[in-house]
Structures are given as C-alpha cells and as structure tokens.
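Peer 1: Listed below, chain by chain, are the residues.
Number of protein chains: 2
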Amino acid sequence: MTSKTREDRTTADSGRYPVEGRARAVIEGVSPEIDAGRFPIKRVIGDRVVVEADIFADGHDQISADLLYRFADDAEWMRTPFVALVNDRWQSEFVVDQLGRYQYTIVAWVDHLKTWRHDFDRRLAAGTHSLIDIKIGADHIAAHAKRARGEDAKTLSDWAGELADATDLDAATARALDGVRLATALAYPDEALQTQYGRELEIVVDRERARFSSWYELFPRSTGSNGAHGTFGDVERLLPYIAQMGFDVLYLPPVHPIGRGFRKGPNNNVDSEAGDPGSPWAIGAAEGGHKSILPELGSLEDFRHLVGAAADHGLEMALDIAFQTSPDHPYVREHPEWFRWRPDNTVQYAENPPKKYQDIYPFEFETDAWRELWQELRDVFCFWIEQGVRIFRVDNPHTKPFAFWEWLINSLKTEHPDLIFLSESFTRPKVMYRLAKLGFTQSYTYYAWRNTAWEIREYLTELTTPPLSDYLRPNLWPNTPDILNEYLQSGRRPAFIIRLILAATLGASYGIYGPAFELLEHVPSEPGKEEYLDSEKYQLRQWNLDHPNSLRDLIAQVNQIRHDNAELQQNRTLHFHTIDNPTMIAYSKSDAERRNVMLTVVNLDPYHSHSGWIDLDLDVLGVDETRPFQVHDLLTGDRYLWSGRHNFVQLSPDAIPAHIFKIRRHLLTEHDFDYFM
Amino acid sequence: MTSKTREDRTTADSGRYPVEGRARAVIEGVSPEIDAGRFPIKRVIGDRVVVEADIFADGHDQISADLLYRFADDAEWMRTPFVALVNDRWQSEFVVDQLGRYQYTIVAWVDHLKTWRHDFDRRLAAGTHSLIDIKIGADHIAAHAKRARGEDAKTLSDWAGELADATDLDAATARALDGVRLATALAYPDEALQTQYGRELEIVVDRERARFSSWYELFPRSTGSNGAHGTFGDVERLLPYIAQMGFDVLYLPPVHPIGRGFRKGPNNNVDSEAGDPGSPWAIGAAEGGHKSILPELGSLEDFRHLVGAAADHGLEMALDIAFQTSPDHPYVREHPEWFRWRPDNTVQYAENPPKKYQDIYPFEFETDAWRELWQELRDVFCFWIEQGVRIFRVDNPHTKPFAFWEWLINSLKTEHPDLIFLSESFTRPKVMYRLAKLGFTQSYTYYAWRNTAWEIREYLTELTTPPLSDYLRPNLWPNTPDILNEYLQSGRRPAFIIRLILAATLGASYGIYGPAFELLEHVPSEPGKEEYLDSEKYQLRQWNLDHPNSLRDLIAQVNQIRHDNAELQQNRTLHFHTIDNPTMIAYSKSDAERRNVMLTVVNLDPYHSHSGWIDLDLDVLGVDETRPFQVHDLLTGDRYLWSGRHNFVQLSPDAIPAHIFKIRRHLLTEHDFDYFM
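Quick note, the sequences are listed as chains C and G, same order.
For the first sequence, our numbering begins at 2 and goes up steadily by one.
For the second sequence, our numbering begins at 2 and goes up steadily by one.
Among the hints, erroneous ones may be present.
Each pair may be met inside one copy or between any two copies, as identical chains are not told apart.
[Said to hold, decoys possible] Cut-off 35 Å, straight-line C-alpha distance, at most; resulting in silico cross-link-like pairs (DSBU-like, lysine-lysine):
no.: 1; residue 1: 155; residue 2: 530
no.: 2; residue 1: 147; residue 2: 356
no.: 3; residue 1: 663; residue 2: 147
no.: 4; residue 1: 136; residue 2: 357
no.: 5; residue 1: 136; residue 2: 663
no.: 6; residue 1: 115; residue 2: 431
no.: 7; residue 1: 155; residue 2: 115
no.: 8; residue 1: 663; residue 2: 155
no.: 9; residue 1: 136; residue 2: 155
Rather than coming from a laboratory, the hints here were simulated on the basis of the structure.
Source: prediction; values computed, not measured.
Could you build all of it, start to finish, from the sequences and the hints given here?
Peer 2: As structure tokens, this is what we get:
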C-alpha cells in the first residue's frame with residue numbers, strides 16, 4: 002500500500018506534531034489538476050498555463066503565494082506571484098515555450114510585512130497611527146533584511162534602522178510608506194513558515210500540430226493506374242491534389258506485409274481468392290512484420306522518399322500502428338511466448354464469442370515475457386521514427402493494457418517530444434478518456450454518431466471544457482474506413498458538406514477518409530451496417546478524383562478559412578448560441594481577447610431549407626448591444642448587417658447549408674465622421 | 002517536496018517498467034473521497050458507507066473488484082464485492098458499527114475465470130462450444146485451486162480434473178456450468194495481477210448525536226432570582242423547563258473567571274462600573290483561567306453535579322471553549338512567550354485596525370513555543386472532558402491555525418471518539434469548510450442570513466449534497482447571542498415560528514439561544530446592528546419564562562415531531578419541491594426506502610397570508626401518480642386528501658405559517674374491498 006498524501010506540512014496522526022505547526026496558509030482546489038496529479042495536463046508550445054487555487058489562512062492576516070514551475074524535474078524552479086480573485090480563489094500563469102514536460106506547484110504564506118503595511122494604511126486613514134506601529138514595521142523589515150541578498154540586504158537594514166530610530170511621526174510615516182523598498186522586502190519572505198502544496202503537477206507540452214491539424218486518410222493500394230496495386234510513388238503523384246485541399250497530415254493505413262492465412266476476400270468475405278490483397282490490418286507474412294513494407298507498395302527507400310516529398314508539400318506523414326498479427330507473422334514463430342496458446346496447441350485468435358477472427362492473433366499481454374514484448378513493440382515505433390515519421394495513429398489501443406501505453410508513450414516522448422499519437426478507440430467513454438489521460442496526444446471521438454443539434458452541443462461542450470479539455474484533444478472524423486454513418490448513407494451532397502463544415506469548425510483537429518469522402522461514397526455493405534460496400538480494407542479501388550461532384554474545392558476553401566483564422570485552431574473558446582430552430586446549430590470561437598470571432602451556423606437537415614432566429618451571447622462575441630455589426634460569410638463572401646441579440650438566418654441545402662461568419666464589429670456611423678461634431 | 006502519488010501499479014517515469022505491467026484493471030473517480038484522501042469523510046455509527054468508483058480494464062474481459070475496509074489502520078482488511086452499475090461505474094458498501102476511524106480502499110482485477118464462463122455461455126447459446134473450450138476452463142480452475150485453502154483446494158482441483166479429462170461434450174458442459182464450484186473458485190483470484198487503488202481513504206465514525214441534535218444555549222448568569230447572579234444550581238432548577246421543550250444538548254458560554262482589565266460594561270460599553278459582570282469571553286483573572294470556574298457560578302463540584310443532573314433530564318452539557326485571554330489571565334504572567342509583544346513591552350491585544358479590543362489578548366500561534374502552547378490548550382479540553390463534558394462549542398476556530406485544530410481534534414478523538422466539536426466560525430465559506438474537513442464534527446452556518454426561499458433552497462442544497470455533506474454537518478441557529486437577524490427584529494411571533502420550523506425541519510441539528518428566542522427578544526442594540534439590546538454578554542438579565550407569548554409549547558411540539566420521525570434526523574434526503582409562490586417553500590425528507598416521508602411547507606412572509614400550488618416530485622415522495630394520498634399535518638392534526646403532482650396550500654401568519662406533513666399513502670379505495678372483486 003502506498004502512503005497517504007498530505008497536502009500541507011501537517012499531519013493527521015494522533016498526538017504527533019506536524020513538522021511545522023506555524024505554517025498557517027493552506028492550498029486546496031488546485032486547477033488544472035487531473036486525478037490528484039496522477040496524470041499531466043496537455044498544452045502546446047506558447048500556451049499560457051493559467052493556474053488557480055483556493056489559498057487562505059486562519060485569521061485576518063494578508064497572504065502571499067507563488068506559482069513555482071520548471072522545465073523537466075531537474076531544473077531550477079521559477080516563480081511568479083498569484084493574485085487574489087474573489088472568495089479566496091487565486092490565479093497565476095506562465096508560458097510554456099519548450100517541448101516536453103513541465104512541472105508546477107504552489108507555495109503560500111502569511112505575509113506579516115504585507116499585513117503590517119495593510120494595517121498601517123488603515124490606521125493612517127483613521128489617524129490612529131503611532132511611532133510604535135512604525136517600530137513594529139521596522140522589526141518586520143529587519144527580519145526581511147537578514148534574508149536579503151546583495152545590495153538589498155543593506156537597503157532593507159537601512160530602512161529598518163530609519164524606522165526603528167524614528168522620533169518624528171510625520172517624517173517616519175512618510176518613510177514607512179516607501180513602496181519601492183517595500184517591494185524589495187517582500188521578495189524575501191520567511192520560507193521556513195511557507196506551506197508547499199503537496200503535489201508537483203505536470204504538463205506535457207506538445208507542438209502546435211497536436212492542437213491544430215487537418216488529416217487526410219488514404220489507402221495507397223488504391224492509387225495505382227489501370228487497376229494496378231498502388232505504390233508509394235503513386236501516392237507521391239497525389240500529393241499536390243491533397244495539399245491543394247489544405248490538409249497538413251497524410252495518414253496511411255498499415256503498410257506492412259499482409260498475412261495469407263485466413264486472408265479475407267472483398268467485403269470481408271472469409272474466403273479469398275488468389276490476387277485478393279487482404280486487409281492491411283492482418284499484419285505480417287513471410288516478407289516480414291511490423292518493421293517491413295508490403296512489397297507491392299515499394300521499398301523502405303520509396304517510403305522515406307514519400308515522407309520527404311510529402312513534407313515538401315506541407316504534408317506530414319502519419320502511420321497506422323496496429324499491434325496484432327496475422328497467423329503468418331514472424332513473431333508467431335520467433336516469439337510464441339507473446340501469444341496465448343490453447344490446449345490444442347494452436348494460438349488463440351481474436352474472438353468475441355461466438356464471433357471468430359481467425360486471421361488475427363492478438364498479443365498476450367499477460368505473458369511472463371511482458372517486458373520483452375513491450376520493448377519489441379516500442380522498437381516498432383522507433384523503427385518508423387527513424388524513417389522520419391512523427392505522427393502515429395494507434396489502432397484499438399483500448400485492447401492493450403493502459404500501463405503499456407503509458408510506459409510506451411512517455412518513454413518515446415522523452416526522446417522525441419515532437420511525437421503525436423492519435424488514439425483510435427471507439428469504446429466506452431471512460432476507457433477513451435483514460436487513454437487520453439495516460440498520454441495519447443489526440444483522440445478519435447463519437448463525432449460520427451452525433452448528428453443532431455442537441456447531441457452535438459452536449460458532446461462538444463463536454464469535449465471542450467475542463468476537466469476533459471485539459472487532457473483530451475478531440476479529432477473529429479465525419480467518416481473513416483470503418484464508419485460510414487447513416488447520415489452520410491443518404492448520399493446527399495449537402496449531408497457531406499454539413500458533416501465536413503461541422504468537423505472543421507467545431508474541432509481544431511479533424512480528418513476525412515478520402516477520396517471516399519470528397520467523392521460522396523455512401524453505399525453500405527448491407528443495410529444497417531456502417532461498413533462501406535467494396536471497402537478498400539479488402540480490395541483495391543479506383544477513384545475518379547476529377548468527378549464534377551467532388552467536394553475538393555469546398556474542402557480547400559474550408560481548410561483555407563481554418564488556416565487564415567486562428568480562432569478555429571483551438572477549441573477552448575467554443576461557445577454555443579441558442580437558435581429557435583432545433584434542426585439548426587450556431588456556435589462561435591474567438592481568440593482570448595475577443596478581437597477575432599468566428600460564428601458558424603449550420604442547417605443540419607440535408608433535405609430541407611430551414612430558418613431561425615439566433616439568440617446571440619453578445620458578450621462572447623465581443624459585440625456592443627447598441628451598435629450594429631457585420632457578419633461576413635467567408636464561404637460565400639456575403640455580408641449581413643446584424644444588430645442586437647436576435648438575428649435571422651436561413652440556410653438551404655440547395656446552396657451551402659452553412660455560414661462561416663467572421664464578425665466585423667467596427668462599422669462606420671455618423672459618430673465616425675467630422676460633420677457629426 | 003513530496004513524491005508523486007500513483008493510483009495504480011504503473012509508473013510514468015520514462016523508460017522504467019512498472020512493478021507489474023500485467024495488472025490491467027484501473028480504478029479512478031472514487032467517491033466519497035475528499036481532496037484526494039487528504040481528509041476523512043464523516044459518518045455516524047450504523048451508517049451504510051456506499052462507495053463508488055470507475056473500474057475497467059483494456060479489452061473485453063470480465064472485471065471483478067472488492068471494497069477493502071477495516072477499523073483502525075492495524076486491523077485486518079475485510080472485503081465485500083463491487084457490483085457494476087452503468088458506464089463502468091461500480092458500487093459497494095459496508096456498515097460502520099464502531100466509533101473511531103475506518104479505512105477503505107479498492108482492489109480490482111481482470112477475472113479470467115469469470116470471462117471464461119461468460120464466453121462459454123455465449124458459445125453455448127450459439128452452439129459453438131467445444132471440449133477445447135472446457136479444457137481452457139479447466140486450466141483456469143486449476144490455477145484457482147492452487148490458491149484455494151482447506152477443502153476448497155480439493156474441490157477445485159477435482160473440478161479442474163473432471164473438465165480436463167472430459168471426453169463427452171454434453172456431460173462436460175453440464176459440469177462446466179457448475180455455479181456452486183464456480184463461486185468457490187472466484188473467491189481465489191490471482192492477487193499478483195490485482196490493481197490496488199493508490200490511496201487508503203478514511204472515515205471518522207461519530208455517535209448519532211453528531212448527526213441529530215437539538216441545542217439550547219443559555220447564560221447561567223441570568224438564571225438567578227431577584228437580580229442575583231445565576232449559579233449552576235439555578236441552571237439545575239431550569240433543567241425540567243429545557244427538557245420539556247425537547248432539547249438534548251444544553252450549551253453554556255464560557256464559565257471561567259472574567260478579566261477585570263478593560264472590562265466591558267453593559268451594551269459593550271468600553272467603561273464598566275463596579276458590579277458589572279463583564280463578558281464571559283474575556284477569560285482569566287486572579288481566580289484562574291481556562292480550567293477554573295467563575296466563583297459566582299459555583300464550584301467545580303457544582304459544575305459536575307449540573308452535568309449529572311442534566312444527563313438525568315436527557316440533556317448533554319456542551320461547553321464553550323474560547324482560546325483567548327483577558328489581560329489578567331494567569332497565562333500572561335506565567336507564559337509571556339505565548340503572546341505577541343510590542344516594542345513598548347505591552348502585549349498585542351486583539352485588533353482589526355483601526356478597531357481595538359484591549360480586553361482580549363489573542364495567543365501568538367507563531368511562537369517558538371508553539372508545541373507547549375498546543376499541549377496546554379489540549380489540556381484545557383482534557384480538563385473538561387474529565388468533568389464529564391463530551392461536547393464542545395469552539396469559539397472562532399478560524400482565528401487559530403488549521404494545523405492546530407487538526408492535531409487537537411484528531412489526538413483528542415483518538416482517546417475519546419465520542420467527542421463532538423461544533424465550529425463557531427462565521428467567516429468566508431472556504432475557511433468554514435476547511436474547519437469541517439479537518440475534523441470539526443458540526444459547523445455553524447449562514448442560516449441566520451438565509452431568509453428567502455431562493456436563498457434557503459440554494460444554500461441548503463449546497464450543505465446537504467456531496468462533497469460538502471461528506472464532511473460538514475450543518476447546525477442551524479435562528480439566533481445566537483451575537484446574531485439577532487433583521488428578520489427577527491420585526492418582533493413578530495410568526496417570524497420566530499417560521500425561523501424555528503425551518504431550522505428544525507431543514508437541519509437534523511439545530512439550536513436556539515434562549516430564553517431570548519422563545520420569549521421573542523428582538524430589539525437590537527442600535528438600528529442596523531445584529532447585537533441584542535442589553536445583551537447577556539455584558540450584563541445579567543431576568544427572563545419571565547411563563548410569559549403567555551412564549552413559544553415553549555410550540556418548540557416542544559416541533560422537537561417531539563423531530564424525535565418521532567427519523568426522516569428529520571438526517572439531511573441526506575432533503576429535497577426541494579417547486580411551488581409557484583416565491584414567498585413559500587416546500588421540501589421533503591424521507592428515509593432511504595421512502596417508506597416514511599415528511600413534507601414541510603412554509604410561508605416565509607410573517608405579515609401576510611399566502612397560497613400557492615406545489616409541484617411535487619412524486620418519485621421522491623414515493624407516491625403513485627394515479628392514486629390519491631393523504632398529507633397529515635403533525636402540527637395541527639389536519640389531514641388533507643391530495644392527488645397527483647399539483648396541490649394547493651394556503652398558510653397564514655395568524656395561525657401557524659407552516660405545515661409539517663407526514664405523507665400517508667395507503668388510502669383505501671374500492672380495490673381494497675371484497676365487493677370490488
């Protein structure tokens with residue numbers, strides 16, 4: 002059993018004295034803090050970290066408190082003061098400007114010198130101040146002088162002497178009120194009686210892409226010409242197409258050799274025929290495993306070339322890491338101890354009884370050789386890191402132990418703090434949240450199944466406010482190779498537009514699985530399923546990227562808007578506004594100063610035109626109730642003149658069923674012209 | 002700096018493996034838990050302690066979890082299983098039946114045997130079960146058999162053998178489904194792979210009076226006849242009067258010698274005359290200090306006799322402990338190191354600049370001799386404990402260090418777990434809450450300043466729901482010697498009745514300062530003040546207890562209702578019901594099974610009659626929407642027939658402006674008679 006944590010330097014043990022019974026300040030209710038400091042919060046470089054706490058002491062003395070923070074746990078603590086808000090709540094902040102782990106904690110103390118000055122001001126106002134009061138101050142200052150360093154020590158001992166020896170009340174009062182020397186003195190508090198918060202809290206600082214990213218998922222197998230298996234070279238030829246749409250992450254499903262045992266045929270058929278490529282997630286064959294490349298895609302050299310070419314187009318490569326094997330994976334032969342064996346001397350394949358997935362072997366994480374297994378899986382990441390990959394989409398992390406991921410991600414990020422891990426977990430919420438807490442940089446969400454205004458509002462509010470927003474960064478996907486939701490199955494172009502615009506404006510990070518998405522691919526494998534018919538997971542496809550219905554231009558426009566408006570590059574300021582039509586939704590994002598504000602309004606019905614009155618929270622928009630303002634639709638270029646809280650919107654699926662408004666507040670009125678004077 | 006807390010057996014330290022990487026279950030979101038276990042929760046003897054937690058693991062295996070609990074930290078852990086609720090939330094409970102400190106924590110694990118049985122049931126249902134599946138179960142059972150004790154070991158190894166050797170599927174299936182032996186096996190999980198929650202949480206278990214108490218405060222000085230200073234003997238003669246009103250705690254202001262230096266005269270006059278008794282809170286004189294008795298009240302022997310006589314009347318004595326001294330207190334001479342000295346060699350008196358309280362010396366808790374000071378103050382409590390006192394009202398605890406109180410209360414309750422400490426702190430909320438957290442058994446509240454329906458509803462909801470209700474027990478006082486609120490200053494009898502009934506039905510613990518309260522004493526010292534005119538704090542008073550306007554009979558009736566109805570003896574089930582008149586308030590309290598329910602309705606306007614429609618939460622009342630029910634007013638005996646959510650009430654200050662209803666659900670209808678059949 003671990004020992005109890007004590008927040009302050011006190012003890013609850015009966016009869017035993019605390020170490021320092023005179024440390025009177027207490028610190029509680031610290032925020033942000035996840036699970037009592039068990040997990041770090043997440044920030045990106047350049048972020049302000051705002052820390053709040055309840056800080057108080059007995060009695061009526063004045064309190065001071067400092068926020069201590071440092072980069073890595075061997076650095077010197079830096080400190081910045083807290084300021085009091087209301088109701089014993091205090092706030093401080095600092096900026097994180099290095100990738101990696103920061104720590105922060107709090108010290109607080111009863112500040113006798115500040116109390117003396119505070120009381121002296123009140124005595125002075127009442128005319129009851131005396132030389133005795135000034136001599137009491139001299140004693141306090143003398144104590145600070147003893148702790149002062151360098152010239153400060155002399156400055157303060159001189160000041161204490163002046164006050165101690167004073168005989169003229171008015172002259173001494175003037176000296177007692179010296180604010181400059183007071184500030185010097187306050188910098189040397191008595192550390193012996195300070196209370197230190199009992200926990201050192203941590204921050205993982207990521208690069209900006211952890212917060213703001215636009216993902217494009219692509220099956221390389223389907224990029225070939227004339228029915229040929231696509232290659233990395235084919236993918237390179239698509240880079241301009243993807244870059245023009247404004248994406249910055251290009252994510253590929255597993256690129257490894259594909260197993261032949263129990264290989265699946267088209268549409269997840271349990272039988273395959275010669276020539277069927279199989280599922281990229283059935284990893285491992287005679288050609289190799291997780292550190293090898295499917296020969297049809299090309300060589301390792303080709304892959305590295307693709308990584309570089311993508312970078313030239315502003316695209317960062319993301320790889321899918323799926324920790325499972327086909328029956329043919331070399332691990333099965335080389336490391337039988339990493340699998341679970343059945344009494345009939347066969348390996349336990351994946352099962353969800355009575356369903357069987359005989360083409361997939363899970364790892365046995367309860368093996369006695371778990372340390373070796375963990376190390377090997379870590380080496381898989383290291384291998385691809387060496388090839389230049391810094392972003393990983395991790396397949397089904399919720400089917401591997403949490404402790405494994407925590408160890409893996411922390412140990413990899415210690416060496417490579419620029420790594421980004423996207424958790425592909427669609428399971429129960431607390432499991433998904435735990436994966437985010439323990440270290441995943443971004444997380445898939447239930448977005449695909451949140452299609453009504455009420456659902457979106459509830460869910461996005463949960464995702465974008467503390468405590469969740471301190472550790473989970475949502476990545477919103479309208480579709481994935483596994484999820485063609487019923488809303489998109491309508492096949493209506495407006496449905497795709499709506500889901501795209503919602504994802505791109507609700508989420509600082511979002512992604513699409515293309516070209517299925519921009520080409521409005523919408524037929525399910527069978528009614529009631531979310532699988533695509535003729536899914537690329539099991540066969541090659543050919544896409545007509547120049548189809549006139551393609552959404553590529555709209556996607557490019559939306560991504561351009563995201564790039565041009567920093568408000569859309571974060572989720573912290575997401576705010577929903579009321580609208581009196583339940584099939585419509587309205588929300589804004591602003592920068593912290595509310596100088597720039599985007600307001601998005603979407604008609605969620607892909608079949609009908611809708612209109613409604615928005616009830617705007619003008620404070621959130623930074624708009625003056627008494628002056629008109631302009632809303633400028635960045636999609637159409639239209640500008641509307643609005644005024645006050647209540648404003649009318651009408652959106653038709655026949656046009657673009659959404660407004661992405663930039664709020665333009667500074668309209669000219671007669672007050673702005675000379676002739677008004 | 003203290004080390005980081007880890008909730009599970011994992012580590013975030015980069016590169017280093019956790020102790021046991023195969024412990025796959027995680028435990029988080031434990032409730033109740035105060036400040037990450039920094040403080041204990043509070044319960045009374047006989048309470049069920051319901052513990053919830055989020056418990057889950059990776060993958061789809063079945064989970065098991067146990068709640069571990071023990072009395073005192075050297076006892077054996079007892080265990081009781083958790084059951085799953087929804088959304089990975091689990092619940093368990095146990096009963097505390099001893100006074101003192103309990104501890105509890107949680108273990109959880111992936112339960113392979115339970116998983117095997119769960120999967121086997123599904124295979125069986127699908128008809129895909131096989132002998133291999135049964136042999137896998139045999140392996141699990143054999144592992145449990147190795148850990149089993151006594152006969153269980155043989156039972157299980159026999160079972161494992163039967164299944165391992167089976168050749169007939171149907172026969173083996175029947176044996177595999179053996180629920181009795183399964184239950185035996187499940188009791189021997191593999192502890193090596195269990196996850197233990199990282200904290201041991203604590204419970205302070207008090208006696209029932211901590212939760213349910215009715216206090217009567219009295220100045221002994223005013224119990225004398227014909228203007229004489231009252232004595233403990235006079236108080237004894239009043240015991241039947243107090244007991245008849247149904248109180249169970251009799252609380253006296255400080256009974257110690259009163260200082261003469263700077264003694265206050267009537268109405269807090271800075272000058273006193275010979276014969277003025279001074280304030281009981283100016284403690285200490287030549288006759289002694291905190292362990293002495295004011296000679297005018299009697300001897301220590303008289304006090305002990307009073308304690309016994311009170312007990313004979315069902316009244317428990319509570320003493321006021323105020324840690325401050327008059328300038329005449331022996332401590333000032335004997336322990337000058339316990340006071341703060343000014344440069345002019347005088348002791349620092351109490352001040353709130355520019356106000357001065359020269360009759361009161363505070364202790365200097367930052368003295369180097371703090372340990373000796375703490376010990377002496379503890380000895381003060383021990384002295385009165387030896388005289389038979391077990392309840393203490395502590396004066397202004399928020400002006401002494403929190404660490405001191407935590408040490409004091411914990412160390413005293415280790416020896417005397419039946420002690421009750423009431424925190425007399427009227428200051429900022431977080432300070433008051435901290436005092437409750439660190440150990441005070443009950444707390445004064447802002448009740449006196451919560452007079453409108455909205456205020457009462459908001460405040461009482463905060464006080465009676467977690468997290469506050471896990472550590473703070475409110476004690477509601479309509480008046481105190483320091484607080485004659487403006488509502489009561491109206492002097493109207495209905496105002497006193499309203500405040501009494503609210504306190505007695507909202508709060509399981511409440512108290513009045515009498516006889517001022519029952520005699521409708523209501524004139525302030527000056528307009529805009531809450532001090533009483535001619536306050537007993539500074540002078541003797543004579544009370545006509547037989548005044549015809551006295552509320553004594555109503556108070557007796559209300560206390561009788563509290564005694565007869567256990568629903569009113571706790572706060573946990575307090576629930577407010579909507580009423581469409583904002584000057585009225587309605588709330589219920591029920592027992593956990595909702596068999597017994599009290600519904601109180603109060604007109605808060607002491608001047609006018611009001612009526613309104615209540616919108617009842619019938620689920621909370623345990624009432625069937627389709628059947629009428631009776632509400633029985635225990636104050637008047639009136640019975641009303643109600644039906645459904647909406648019911649009418651009218652209350653006039655000319656009569657009793659409140660209903661205290663008992664809900665009577667089981668009314669006869671035609672269904673209950675033979676002839677309906």
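Peer 1: A separate judgement is required for each hint: does it hold in the structure or not?
Peer 2: Evaluation of the provided hints:
{"no.": "1", "hint": "155 / 530", "verdict": "neither (80 Å within a copy, 50 Å between copies)"}
{"no.": "2", "hint": "147 / 356", "verdict": "between (76 Å within a copy, 32 Å between copies)"}
{"no.": "3", "hint": "663 / 147", "verdict": "neither (58 Å within a copy, 70 Å between copies)"}
{"no.": "4", "hint": "136 / 357", "verdict": "between (86 Å within a copy, 18 Å between copies)"}
{"no.": "5", "hint": "136 / 663", "verdict": "neither (61 Å within a copy, 67 Å between copies)"}
{"no.": "6", "hint": "115 / 431", "verdict": "between (47 Å within a copy, 22 Å between copies)"}
{"no.": "7", "hint": "155 / 115", "verdict": "within (20 Å within a copy, 75 Å between copies)"}
{"no.": "8", "hint": "663 / 155", "verdict": "neither (58 Å within a copy, 76 Å between copies)"}
{"no.": "9", "hint": "136 / 155", "verdict": "within (18 Å within a copy, 85 Å between copies)"}
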